[in-house]
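In the order they appear, the protein sequences are chains A and B. full-length UniProt numbering puts the first residue of the first sequence at 1, with every later residue one more than the last. full-length UniProt numbering puts the first residue of the second sequence at 1, with every later residue one more than the last.
Derived by calculation from the structure, the hints in this document are not laboratory data. From the three backbone atoms N, C-alpha and C, an ideal C-beta is built for every residue, glycine too. Check each hint, because a few of them may be wrong.
[To be verified] Where chain A lies over chain B, by a calculated footprint (3+ residues, C-beta under 8 Å):
no., segment
1, 236-242
2, 349-359
[As the list claims (entries may be wrong)] Under 10 Å between C-beta atoms, here's a sample of chain A residues computed to sit facing chain B:
no., residue
3, G48
4, Y78
5, E178
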Amino acid sequence: MAEPRSALRPDLAVIADHVPPGSRVLDIGCGDGALMAALRARGCDVRGIEIDPDSVERCVAQGLSVVQGDADNHLVDYPDGGFDYAVLSQTLQTTARPDRMLEQLLRVGKRAFVSFPNFAQWRTRAALMFGGRMPVTRALPVSWYATANIHHVTVADFRELAQEKGARIEGEWFFSSERRIAARGANIRAEFAVFELGR
Amino acid sequence: MTGNSRICRLSQPLPLDGGGALEGVEIAYQTYGELDGARANAILVCHALTGDQYLADTHPVTGKPGWWERMVGPGKPIDTSRHFVICANVIGSCMGSTGPASIAPDGAPYAMRFPVITIRDMVRGLVGLLDALRIERLHAVVGGSMGGMQALSLAANWPERAGRVLVIASTSRHSAQNIAFHELGRQAIMADPNWRRGEYYGSDAQPVAGLAVARMAAHVTYLSEEGLTAKFGRNLQDRPEKSFGFDADFQVESYLRYQGSGFTKRFDANSYLYITRAMDYFDLAEEHGGRLADAFAGTAARFCLVSFDSDWLYPTSESRHVVHALNAAGAPVSFVELSAPHGHDSFLLEHETLDRVVRGFLDG
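Pulled out of the complex, with its shape left as it was, chain B reads as follows (with noise of 0.2 Å):
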């Protein structure tokens, strides 16, 4: 299907979580399927650490399928016949939204001068844009892993904006296994000679070692032993036998390598440095005074969390934290852990329990 691209810029400035405020921020954007005349119909759909707004349509550097297409469609558990299906680019990533590659006032990019944001702050955009639409209400906030933190963080903050919040394979703190492994990605781009303190904007060395290795450690976070041994095993790559050398030996090193050097040709290392800070600063009970039941105080919104079994980046006890806290605020939630193999990418793959949950959660 085709997407219908546009770049909403904010008409005020955007309050930033770390002081300040970020002036003339533009919000990249795709809609699918039609508002009614109520604008009651709205899903927005919040992407995970390193998508797009390309939710549903051909990405336009890679040529691959939206990400969630298979989810987001007409007739799809995401129904675009029935609901009007909003998915936008946070700030602080580079498809389009304000982010360390766009040009600050003064005519140069920002940068590392571009402040650092957190989940609130990219949610505030977000509802920035959904004033720009003038929708007051969403019919339903969805998001998995990154995009959940969002869902949440709406939830919690703008409890008015969304009667339905489904956050798949999602956490409400990043712990510090997570900060570790995000730490180890941004080391790696800091540690790559190009990368030259984020001054790389127009220059024909890029830190794409960096951000390559950065990718690939976060890749295996994303996926299962069990998925991996399935898929790769030890199985050797188009050689009969080790070379005993440091060529990609193995299948799974050829794939890593391969994830690595594809996503450099569509992704800023520096956002990827401001977007893993973003999640690493996520806590949503911190915000507000400790107690996370009090983030859900006099919600009004149905919720569903689901998990999956194999997914140790963020474990079903993440979810089940955070079933617990929208137990104990009275909130109507529902919650299911389901089995797969694939780790924490499951809800991106085929899973048909997952797609009649999301249907019958959306439409019940």
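Just chain A, with the same shape it has in the complex (with noise of 0.2 Å):
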């Protein structure tokens, strides 16, 4: 039932790679389950919040334990240092205050794992500099107006915003096509970004 590792997304294969097994994980915006279900394979306790209703009803189909909510509102209902690992992939451009998002990530998480897409990669800034139009790539794949996206980040914004609120950065990760690239440079290279914080 599980989805093979070579399936999942490349952030979430360095977060199931990157969780230890048996450890306690809180997986919010989980989706249809993806990660969640190769963690499980992995012998670990997971847990999910996710917003949409169809997904939620997909990943209890699936026998996973998924809260439907939004994170924005329901994280607080989770209590401190429940988990090992809270993640969250892809979901922290379209929270509400992601600094507060992420003060809940550390409260709810003793470690956490974020991944984005970096607003700063060179595509991006090539559409932004030459076009003057809000980009829309592969990464930020909807127009400006209907975009899910109402925080955009940057690897550069997100180091400050983890030091300011006291988080050590025990890795980090960055992709561009799919392809793990190097740290140097990433502000600008990368097309997405993964970090594992301690607190």
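Using the supplied hints, reconstruct the complex from the two chains, each of which is provided in its own coordinate frame.
Set out below in structure tokens:
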């Protein structure tokens, strides 16, 4: 029933590979449960939060424990330090207050994984600089007026926010065209980033 | 499908929350499917306020299909080709389990001498039935509305007895509004001159008018404005114009009167008083020192809660309250709010997503 690892999105594969078996994990914005299923197959105790009822139903049908709710309002219901890891994949930029979300992640999880599309990637910069238009790229495929991404973030911004919130960066991974790239120059080269945070 | 109706006489007196114990308790129940060799495939389905054990077979009084026949059967979401499904009439009710209409040890019906019972007392009776059936651990306990209260009570008080707990359109406590509507129904029954302080058994004059009004008031709480408007609007019943009188001019009036009078043929007025009282007293947090999470401390069961967006009797916020407590207790819990136009009664009606959630949760 678990997704084969290779079918996971690259950021989810990184997370799945770095969560130790047996960990308690909260996947915030878990979608249809692909990461949860992979982590469960590795012996983790995984819970999810998801806003879309159809996705929740698909998770429940796989025997996954998912609560329908929106992370901005319902993460506060979760107890302090209840999880070894809190995961927020490709969701930070859709939250009402990413700074508060980061605080919540580090409250409910002893550690956190956060992945997001990097708004400072050269393609995005080029679209703004040369086109003068809000970028529509592979990583940010929806027009500005319809996108769920209300708080665009860059690798440099995220590092600064993590520091401001007293989080330690325990690991970082960068991708361009599905391939892992080096950390050097990541703010301009990375299409998306994955950070592991400790508190 | 045909059920296998039986009566189980509990060998021990049933201790009650209100004090004392009830002797010689009988529980009427139906089963569907086969119990496996390990006695591990049983699902207990708990019925709502005016439900009974006729879950998936023809009701002997009304001749209508079982109340959840669409959900329970071979190949259905609660699959009787794989699971042994049990549904019992709760104590205090009137379809074969010991209740106010039963004969007391002195040879006369209990009537209002029947002790006031609680949801936990009902569940104690159900656990007695499970003991008699030699089922130590249920695959799952499932319930909607008052059935959901029983499922939560079983999970909180007998946590080792069920592996999964599915609670649909329910609550962990009766709100002031819930109690208010129940009081309306009870007062209607007790104001009926034929009620005679509950001593109407064997008489030709039954408190049917009061019971029908109680049912009509409750029925309105089971529906939504959207559902009522879609079904009836302000349409007139069998007449071209208003009568300027108090006949059932509107279709919705006629419908409620029909629901009310049909109900009196199958339900006992005193049972209605006792069961609504049990629901009003229900407050799972209060039973566990005031903190709902403590009710579920150390539970090993998996939970799933479902609410409906048009249910104003037990709204989504009530389910979220339980989910919050289960999270605080560290229990694995799923929750989904389903979109449905029909209010609280949605759990009894056709809903494909509900079916998938039920099937997925029970099998996953």
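Hint check:
1. 236-242: violated (count 0)
2. 349-359: That given contact holds, which follows from 4 residues of the segment 349-359 of chain B lying within Cβ reach (below 8 Å) of chain A.
3. G48: holds, 9 Å
4. Y78: holds, 6 Å
5. E178: Constraint on A/E178 not satisfied, violated at 31 Å.
In summary, the numbered hints that this structure violates are 1 and 5.
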